[in-house]
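Student: Here is how the chains run, residue by residue.
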Amino acid sequence: MRDYLKPTLGSRVFDTANVVFMLVFCALMIYPFLNLLAISLNDGVDAARGGIYLFPRKLSFSAYELLFQNKKMLNGFIWSILRVVVGTVACLLATGLLAYLVNIRHFSGRKFMRILFFITMYFNGGFFPVYLLVVNLGLTNSFHVYWLPALFNVYFMLLISSYIQNQPDALFESARIDGAGEFRIYWKIVIPICVPVFAAVSVYLAVSHWNSWFDVVLYNPSGKFDTLQVYLRRLLLEMEGLQQIRDQQVLYNRYRDLSPLTLRAATTIVVTVPILLVYPFVQKYFIGGIMLGSIKG
Amino acid sequence: MNTWRRRIVKERQIWIMAVPMIVWVLVFSYYPMYGMIIAFQNYVPGNSFFSGDWVGFAHFERFFNSPDFGTIMRNTFAISGLNILFGLPAPLILALLLNELKNKSFKRFTQTLSYIPYFISWVVVASILFTLLGSDGLLNKLLIDFGFIREPISFLGEGKYFWGILTTSNVWKDVGFNSIIYLSALASIDREQIEAGKADGIGRFGTVWHIYLPGIRTTIILLWILGLGGILNAGFEQQLLLGSPTTAEYSEVIDTYVYKYGVQLGYYSFAAAVNLMKAVVSVLLVIGMNRIAKKFFDTSIL
Chain Z
3 MRDYLKPTLG
13 SRVFDTANVV
23 FMLVFCALMI
33 YPFLNLLAIS
43 LNDGVDAARG
53 GIYLFPRKLS
63 FSAYELLFQN
73 KKMLNGFIWS
83 ILRVVVGTVA
93 CLLATGLLAY
103 LVNIRHFSGR
113 KFMRILFFIT
123 MYFNGGFFPV
133 YLLVVNLGLT
143 NSFHVYWLPA
153 LFNVYFMLLI
163 SSYIQNQPDA
173 LFESARIDGA
183 GEFRIYWKIV
193 IPICVPVFAA
203 VSVYLAVSHW
213 NSWFDVVLYN
223 PSGKFDTLQV
233 YLRRLLLEME
243 GLQQIRDQQV
253 LYNRYRDLSP
263 LTLRAATTIV
273 VTVPILLVYP
283 FVQKYFIGGI
293 MLGSIKG
Chain B
61 MNTWRRRIVK
71 ERQIWIMAVP
81 MIVWVLVFSY
91 YPMYGMIIAF
101 QNYVPGNSFF
111 SGDWVGFAHF
121 ERFFNSPDFG
131 TIMRNTFAIS
141 GLNILFGLPA
151 PLILALLLNE
161 LKNKSFKRFT
171 QTLSYIPYFI
181 SWVVVASILF
191 TLLGSDGLLN
201 KLLIDFGFIR
211 EPISFLGEGK
221 YFWGILTTSN
231 VWKDVGFNSI
241 IYLSALASID
251 REQIEAGKAD
261 GIGRFGTVWH
271 IYLPGIRTTI
281 ILLWILGLGG
291 ILNAGFEQQL
301 LLGSPTTAEY
311 SEVIDTYVYK
321 YGVQLGYYSF
331 AAAVNLMKAV
341 VSVLLVIGMN
351 RIAKKFFDTS
361 IL
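Protein sequence lines, in the order shown, are assigned to chains Z and B. Residues 3 to 299 (the working numbering) are what the first sequence spells out, left to right. Residues 61 to 362 (the working numbering) are what the second sequence spells out, left to right.
Derived from the structure by calculation, the hints contain no laboratory data. The hints are all genuine.
With a straight-line Cα cutoff of 20 Å, these simulated PhoX-like cross-link-like pairs (lysine-lysine) come out:
no. : chain 1 : residue 1 : chain 2 : residue 2
1   : B       : 70        : Z       : 113
2   : Z       : 286       : B       : 167
3   : Z       : 286       : B       : 164
4   : Z       : 60        : B       : 201
5   : Z       : 74        : Z       : 226
6   : B       : 233       : B       : 167
Here are some chain B residues pointing at chain Z (derived, C-beta under 8 Å):
no. : residue
7   : 67
8   : 74
9   : 78
10  : 82
11  : 89
12  : 174
13  : 177
14  : 184
15  : 188
16  : 191
17  : 192
18  : 331
19  : 346
The C-beta atom is built at its ideal place from N, Cα and C for all residues, glycine as well.
Using the sequences and the hints given, assemble the complete structure.
Tutor: Set out below in structure tokens:
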């Protein structure tokens, strides 16, 4: 786009200042991760002196070596992945089916179900009532708390529902005339046409499953189903986490050059990297999701 | 009745799928709401919700009269208020500045980086803060090197820094992501309006003030009203991760208080009362804010 008038001096000063501001802003967004990466790759004893900014001063991979030998960390990794896969797929398919059912024109319970679910979006009592329920159901210390209490998501139901609404009804009607059952229509027609919105929703679901830690602490205090986030949290907040490191150090004499600082940094990087790796590929989907949401609003 | 039965039989395929959903929502959303009646009882875990002895509003009174009440309300409103004060305008300003960038690929690059913190868990943010703000961390080192302080400050160990750290990390985490919605609203403004403004010579600042801001007025109002409706949600993940006994006076908010009493100490009924109070006020706030939006701005969120 070409300006009609020559940019004024003030305008050019602003442009330069704006670019400088954005560069500083970019640095603020990304620097904390680079700093952690540098610390995680540094010798532990040396890192404790401080002053590591962008590059490791004394390169050492022992923090990562120790981490990848640590059973608890590896278990956490496996539970995190299982949780993301099971939680995302279950919620996506269940919420998608719900969104389709409330869009079937001739279904008499359509409005009732819409309202039944919609109310819960505004009238929910926070985590404590659900906590009592989960305790009473005896679901604590099981893998099921990772997917069952969050099986249906009302916000995503509305999102998918508005997407289905914009599709021609004839699509489903002709399948019905051909004698296809409703579940078959959902499986063979609704899911394929809803790929864009499903992709957006699954990005949000997967990220939120990967990032959750509070429900793990709340529902699975036994530690058997600890995810990666909770492992990192233990390192941060609990003395036993540090004790674990010391035990390991005694066990493997060669990890003398480790410190809690570098190990914590390395764990943080391990927790963050999967998100950063998939991020470039999913970016367009989550932005698409916001656009869908804003159209609805 | 007969017609009803016939309809259900005709729709049995759908009902077979719908019934488990209804059961789920009753169990996981409605039953917990109902379970909140233990706020009016002395509930003993393991018993049914009917068997407790009724105590009326005793738990509510206990909460209102406890010395914690003032601190908790202050912290909740302060943390939430700071989040609204800084967290609401920041993405708008970022969006407006991004919108002024001439180089489109630089703009895209900045946007891409700005979303990253949103996708990081609070545990990771806490780890970053522990590292940056620790006594041998970057911030202390810089402050000492530039001669502002002599001894390292324990930023996370002193209550007076807590609100500031929380607000900053909140803005850092969400500013990029929350700017998306403003940017998409800005993109939908009629190009002709902007060209007309230029032809009138209103300048760049004038364009922002007279065209861009009015053009996204609805979006701004909607988001800010939503934000005000959630003023009792001061977050709790951050408080649980970053707070410590030494900062508790500044970090304890309603949600962490419920967690402490309900889950850690096992005072179920008391925690349920505090929780219920918050839930009721929150719903009233959202409804009230929606009324205001409808009446004055002709937009609605419900």
